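> Construct the complete structure from the given sequences, taking the supplied hints into account.
One-letter residues, chain by chain:
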Amino acid sequence: RGGDTVDSSSNRNFLVTLSSDIRSTNPGVNRDANTDTVMMHIVEGLVAYREDGTPGLLLAESMEVSDDGLAYLFKLRDGLKFHNGAPVTSAEVVWSWRRYLDPATGWTCLSDFDGTNGNRIEEVRAVDRLKVLFRLNRPQPLFLSQMAAINCGAGAILHPSSVDAQGHWRTPVATGPYRLVEWKRGDFIHLEAFPGYVPRMEPRNGNTGAKRALEKHLTFLVIRDAASRLAALDKGQVDIMPEVPAAEIRQIGHIKRVRLVSAPMLGSYGILVQNQDPLLADGRIREAIALAIDRDALANIVNEGTAVGNPSIVADASVFHPPASILGGKPDLERSRALLREAGYDGSPIVLSTNRRYPAMFNQALLVQAMCRQVGLNIRIEVLEWAAQMDRWRAGKFQLLSFGFSARADAAASYSFILGNRARSPSKVWDNPKALALLEQSLRTGDEERRHELFNQLHLLMLKDVPYIGLFSPADINAVREDVDGFESWMFGRARYWGVHRVREGAR
Amino acid sequence: MMKYAASRMLLALPTILISLFMIFFMIRLIPGDPAQIILGDVDDAGALQRIRAELGLDKPLIVQFLLWLRAISGGDFGRSIALDSPVGDLLFSSFSVTALLVIPAVAIAGLLSVPAGMFSAWRQNTHTDAAVVTAATAFLSIPSFWLGLIVMLVFGVKLDLLPVVGYVSPFDDFGEGIRYLIMPVMTLALVETGVFVRLVRSSTIEVKGLEYITHARAKGLPELLVARRHAFPNVMGPTWTMMGLALGGLLGGAVVIETVFSLPGLGRLMVEAVFARDYPVIQGCMVVIVMSYVFMNLVFELTAPIICPAVRYS
Amino acid sequence: MAPGSPILRVDRLQVSTLAGRRIVDDVSFDMLSGEIVALVGESGSGKTTIGRAILRLLPNGLACTGGDIALRGESLTATPPRELRKIRGGSIAAVFQDPMASLNPSLKVGRQMMEALRLHEDVDAHEARLRCLAMLERVRIENPQRCFDDYPGKFSGGMRQRFMLASVLLTHPAVLIADEPTTALDAIVRREIMEQAVELTREVGTAILLVSHDLGMVAQYAERSVVLKGGRVMDQGDARQVLLQPRVDYTRTLLDAFPERALAGGGSTRRSPLVRVRNIDVAFRKSRKSILSRKEYVRAVRDVSFDIRSGEILAVVGESGSGKSTVGKALVDLYKPSRGEILFANGIERSGGGKGGARTRPQVQMIFQDAGGSLDPRMTIKQAVAEPLRAGGIAAAAERLRRAKDMLAEVGLGDDMHDCYPHQLSGGQRQRVGIARAIVGGGDLIVADEPVSALDVSIQRQILDLLKQLHSAYGLTYLFISHDLDVVEELADRVMVMQRGCLVEIGSRDAVFDDPRHPYTRALLEATPRIRRVAPSRYALASLTNRHADPPSGHRFDVPAAEPPEHAVERACMVEVADDHFVRCIPSVECGGTAGSREEADSEDLP
Amino acid sequence: MKKTNLVVGGSIIVIVFAAALIGAIGTPYDPTQIDAADRLAPPSWSHWFGCDEWGRDVFSRTLSGAAITVAIAGLTTLLATGAGTIVGVSAGFLGGWLDKAVVAVMDALLAFPALVLAIAMTTLLSGASLAPVIALSVAYVPYVVRVVRTGVLTIRQADYITASSIMGNSAAYTLARHVAPNVVGLVTVISTAIFGWALLAESALSFLGLGLPPPAASWGGMLSDSRNYFADAPWLAVVPGLAISFSLLGVNLLGDGCRDLLDPRMERA
Ligand SMILES: Nc1ncnc2c1ncn2[C@@H]1O[C@H](COP(=O)(O)OP(=O)(O)OP(=O)(O)O)[C@@H](O)[C@H]1O
Ligand SMILES: Nc1ncnc2c1ncn2[C@@H]1O[C@H](COP(=O)(O)OP(=O)(O)OP(=O)(O)O)[C@@H](O)[C@H]1O
Ligand SMILES: [Mg+2]
Ligand SMILES: [Mg+2]
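Quick mapping for you: the protein sequence lines, in order, are chains A, B, C and D. The first sequence begins at 1 in the numbering used here and counts up one residue at a time. The second sequence begins at 509 in the numbering used here and counts up one residue at a time. The third sequence begins at 823 in the numbering used here and counts up one residue at a time. The fourth sequence begins at 1430 in the numbering used here and counts up one residue at a time.
Note that these hints are calculated values from the structure, not bench results. Take these hints with a grain of salt, some might be off.
Quick list of in silico lysine-lysine cross-link-like pairs, DSBU-like style, CA-CA up to 35 angstroms [as the list claims (entries may be wrong)]:
{"#": "1", "chain 1": "C", "residue 1": "K1290", "chain 2": "C", "residue 2": "K930"}
{"#": "2", "chain 1": "C", "residue 1": "K1158", "chain 2": "D", "residue 2": "K1529"}
{"#": "3", "chain 1": "B", "residue 1": "K716", "chain 2": "C", "residue 2": "K1108"}
{"#": "4", "chain 1": "B", "residue 1": "K511", "chain 2": "C", "residue 2": "K1051"}
{"#": "5", "chain 1": "C", "residue 1": "K1290", "chain 2": "B", "residue 2": "K716"}
{"#": "6", "chain 1": "B", "residue 1": "K666", "chain 2": "A", "residue 2": "K256"}
{"#": "7", "chain 1": "A", "residue 1": "K330", "chain 2": "A", "residue 2": "K434"}
{"#": "8", "chain 1": "C", "residue 1": "K1290", "chain 2": "B", "residue 2": "K511"}
{"#": "9", "chain 1": "C", "residue 1": "K1151", "chain 2": "C", "residue 2": "K1117"}
{"#": "10", "chain 1": "A", "residue 1": "K235", "chain 2": "A", "residue 2": "K256"}
{"#": "11", "chain 1": "D", "residue 1": "K1432", "chain 2": "B", "residue 2": "K567"}
{"#": "12", "chain 1": "A", "residue 1": "K330", "chain 2": "A", "residue 2": "K235"}
{"#": "13", "chain 1": "C", "residue 1": "K1290", "chain 2": "C", "residue 2": "K1108"}
{"#": "14", "chain 1": "C", "residue 1": "K1108", "chain 2": "C", "residue 2": "K930"}
Computed from a predicted model, the values in this text were never measured in an experiment.
In structure tokens, the structure reads:
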């Protein structure tokens, strides 16, 4: 059967699945993970993440940082074109960034650049046709990293014709290797290779490097239903199915001529612990819970063996992942029981809230419950609907919350999920001044060594306070048909289809 | 006739208004903030406020309701929060999908069940009758989502006869579109057949006891003619309105089948909108659902006398 | 075909249920072409079954288990189905009892008429149509064209029965089986239909098998009649002979069961009025076509005035829809008169014009036509009869039950039955319960709306006797509503005749029956042949005595309009034509008008 | 014919209720006990219906699922028919503006497919353990009201109601003594119907992920979870599917039986 699928399909579009429709084609404004995945093929920023998660140049040919770290001068590569054929000049860069910085745009990441969190861009100015200057209010070691952030639309440089006269979004006129042909709501998004695209010289590397659209026609099929997604893959109706949920790995094992491509991902799954709760205010009980959990077993079951346990909030894939020596997080039922006895825990129920929308969050909750039962912890599972759970999270209204954080390039970003001033944002579960200080420092310095040091300290502190019980960092798993070449998965998990192509039977 | 239709529409108006009112406030009682869902796992009060303002969710409820009513009376269903596109378009495309699923299904069910039902009623208390009734009862006892699952795995995956992936609109590619619709339509049709057959049978049994049927025989008409000419229209009376109800209900209520076969239909659109707290879409869906229900009933009520002249006078 | 040789011969016919019970047992009779043979007998005697057996259309559950049926000498029991179909509707046609049910509501009249014709003779649509229209003319349907192209739904029973007659006779059948063809119709219509049927069949030469339990009608129209009992033939022969000089006891009992006038003269004695009804109107809201159309009313009762004297039996007769029941229901305060007033002897007044109803309700009780429907299916008859006592103010439940049991005993229901539920009783027994319930509370006035019309002759007799007995025993007053003149003639002291919601004639029973004045009353009486006993086991068909009736001087009889304009001023008034005998007239020369003449009517009513 | 329906349906329902009872009292294994060792274990002597993706015993889960499903369907039926009957009877009997109002609201509710309404309600009550019951009850009340009301309207026409008012009985008395008892038949029939619908709808809700909060076993939930393992563990889909169909068959047959039994009485009323 495989043979004829290839024949029948040799002249069709390159098809990949999308678990849900994209929110919009407006990068970094109205978005979700799927939106980002698609948009990363269409738009490009000055800088972009490399394979290892550090920012590298993309549209920019070169960059100079002033000694005081307040001025960034980017020089654009010459001869770049927008999808409408217009040349890429500093003017569009300035226009794009001013647009992002305008609150009316509603850019997701505005608060990282307008001073809300301390960091601000003072001005964006064109120096000449190809040179653009960014001036900052203070040294920002993470400035480039945040520019490249995928959830911010990677600071995409757009042609002003992307919006209409009133400034409403029309369609992305950008510089990516693919350009948008048709978006049929709830159905498919069809891209075609942009002939005017000029790849970089150096080899493909993360979101930058040489991005070649080898397949002329790339179609994202929106298939919400898992079963039909698999069926599609099985019958060779799609070439790649990214973001395989752990639960489906087993079935894919049965499908012929399909292989799994996976890599550890940034991001972290765990349990948020509300220490404002009378019962959980007792550190011993919090620790007891942490000690009751066998992370490796849990990770193994939840991810069908594609991930390992990780007590830290920083992913294994991150350069800042704590060294094994201090990692900790080994289960110790005896000690756990002892702690409970000490604390005089009377078996009163502790509610663990979770949701069904993200199977991993749901399954880990089931397992945590089962494991805690062994030490006599009585955990009740409360299944909320995702939207309701988000409300609870923001309001900090929960005892235990099963949660997963999406990929963030920098460890500091990961910590700031849980660490912060509870008075200002109740969603923060960790309000330890010492920890806050450490985080602040990590944001101030650009020195790698120093930052490693700071993050390790933070990790140890977290193990002590137990505001968050890290369980594992997920793996990015993709099902790829065997006749497809060049697909690589990476820590951000957002699938990339440039440099990917189908090998015709003959070529085999 | 037209006057009657008009007055019936007038009568339906309060119904529609009440239901819209109920749904409008109900969905806003549901915990969960669309703005936060858009933001995802980012906790940023400022951004939240901005988005809520954009969505006009900061106005008092009653104002929102009245604004919305004015808008839809002008045909403007607003923009989807989650999908950032005109709700009108979403409704149109998804409704067309559902219609393509439901209308053929009900039609097929009707075509199957009327002969079957009348036949078994004519053979009342024989083995044929028992067999038909049992089969019908069995059909309506199988949950559609299970039936759908089985059908899909047998015909779609194991036998590899039909595509299982989502949906291709017959308007784009007719042949292909049909192939995509076969399984869901069949599943739905089977379930509905179960319902209809029993209905047709019971109303046939009623009719065939009446004097004019005996009289038709006394005229010397052959059984087939008696059944076709004399029983059929009177049986169709109740059946027809029933089908109208079924159609009206299914047009909004085919969620499960749509989920199983992942069809981008109205039900799916609404369920996902509910999850995403996409108020404008939910409201839009409700308008369509209520309208199609009311409208279908009206259409079938008005056409009933054509199918079964008896109802005109009763 | 040799004259005298029977066209249809039924020979030792046997029909039994699957269980083996004989429904029809060794029934034999012949039919000569063009003659009318009647099957008579009480309900359940197998009349319908025989008719069906001849058509070979027995309901499933019944089967022909013996004997033979021969049409023109050829046996029908042997013929194969397709042959049989040729005969059905062709040589043998049928008309059934219920005209409402025997036309298909979903097919146009014309279509149904032509069906048989085109099935049995090869005629094209056009010719068929012409023949149908011609036939419709013959049965005196005005505007046949319209009827032909219309659905049966909105036609009256009489019209429909005419359609049926016309359509079955189209094919000139040799035999017409008419199962109670007119039972559901009003007297006058019934007469017309029968006349037409006879006339037509004479022409066509069709023989009619007339199934009926109306002996009067049979005696009038049938040549020969077959008397059945429990599926067996009791007696047969020349209709008049068999019925008017009965040879067998069964026929005699059957005839004796018929009501007849008590020779002791009716209630000529004047008693004080118990209730006075004065110019009441009762109007009903017509169901509106759509909310856009305006409200319309039908005046079911128009300007009716009469008295009910204590202890008398006042009968109300009239065609269906003439407002009899409405008058009755107004008396029991179910409907409020929209105009006029109802005054009770005990000073309680119910008046129209929104002045609200009675504060304390006088003891007016009601007996219903459908006794079964008037009893709560989930109450034992004991409880049902005890119920009025509760409202009557008897607190102790035990006491109520005791009284109820006594009452039930009195209407002839033994202890063993007191705990039955209505659906376990026969029609007659149910009516007894209804009666018991009506009088247990000791009511002054009892409105009986067709209490016996749903019952079979012999049961009817028992109930009538019971009513009479209770009447004398308790000195009750009845308003007795009925369209059955026989019954009225037997029971009533006085009779009031209604037509189209108006009172057209009122007077003592003898006056109204022997000396009817109003044209409608006369038509009514002419239309109903009644069997009278002239000597022991000697009977005769009663007919109207004096032929003509003149309107009182200076007046002409008034026939109420069918659809009077709303709030039309009634120019007509009741004029006394003889002692205590009033007729609806219009003064030809403008006399004192309604008021004046009513004064005289009132004055002599007052004690 | 009639009898067989009643008998077969009845016995099926008895079986289901028995299963539910066992499920409520105690199952061979703890239906929520996770056991990595037994993941997707095929049917065997120790696990009759095999184990699911968490190594939970499917047989035990089916039993406790029966308990839950029956409980939800039962409660829903009670709630819906109870409320519906009260509303329907009073609206139908008292008439007037009350009737108009009731009809208007019920029509409004009826305009939504029951499942859609239930979905909205369950999300509204997100988390509450009785969410499905309340949601489904709200969804089905209008149907009860409609049936009961029309029933009452026909009963009101009956002569025995006329008779009662002629006797001078108060409206309240007539309502309680004559009307109410005679709608019982109707109510029984509609309630069996609703039990069936509720059973199905509960499964559908769970199937859509809106059922009772897991790890509680529910047939619909088991079915929807099973989809990922169809190839490996078909029994995961077959068992709950059959369970649902089986019980529905029972309910439907029972319903037919009741209808046949009560029809004559209903026609009289
Ligand atoms: N389908 C049937 N199955 C069993 N018994 C039947 C059936 N139809 C009629 N009978 C019985 O046959 C007997 C005669 O019925 P039939 O209707 O012929 O009497 P009838 O003289 O027409 O009575 P009526 O004057 O009331 O019409 C009755 O005792 C009735 O119980
Ligand atoms: N409840 C009602 N609503 C509307 N119209 C009614 C109602 N009751 C009676 N009518 C109308 O009033 C007229 C008289 O009806 P009523 O029942 O009094 O006649 P009747 O003499 O009793 O006829 P029958 O002999 O058939 O019983 C009829 O035209 C009928 O249509
Ligand atoms: Mg008969
Ligand atoms: Mg009457």
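> For every hint, state whether the structure bears it out.
These are the hints, each one checked on the structure:
1. C:K1290 with C:K930: violated (49 angstroms)
2. C:K1158 with D:K1529: holds (24 angstroms)
3. B:K716 with C:K1108: Holds, at about 33 angstroms.
4. B:K511 with C:K1051: Answer violated: K511 (chain B) to K1051 (chain C) is near 58 angstroms, above 35 angstroms.
5. C:K1290 with B:K716: Given pair K1290 (chain C), K716 (chain B) is violated - Cα atoms ~44 angstroms apart, limit 35 angstroms.
6. B:K666 with A:K256: holds (14 angstroms)
7. A:K330 with A:K434: holds (25 angstroms)
8. C:K1290 with B:K511: The hint is violated at about 56 angstroms.
9. C:K1151 with C:K1117: Within the cut-off at roughly 23 angstroms; holds.
10. A:K235 with A:K256: The given pair, whose Cα atoms are some 10 angstroms apart, holds under the 35 angstroms limit.
11. D:K1432 with B:K567: violated (62 angstroms)
12. A:K330 with A:K235: Between K330 (chain A) and K235 (chain A) the Cα gap is close to 43 angstroms, so the pair fails against 35 angstroms, i.e. violated.
13. C:K1290 with C:K1108: With Cα atoms ~39 angstroms apart, K1290 (chain C) and K1108 (chain C) exceed 35 angstroms; violated.
14. C:K1108 with C:K930: holds (26 angstroms)
The earlier numbered hints that this structure contradicts are 1, 4, 5, 8, 11, 12, 13.
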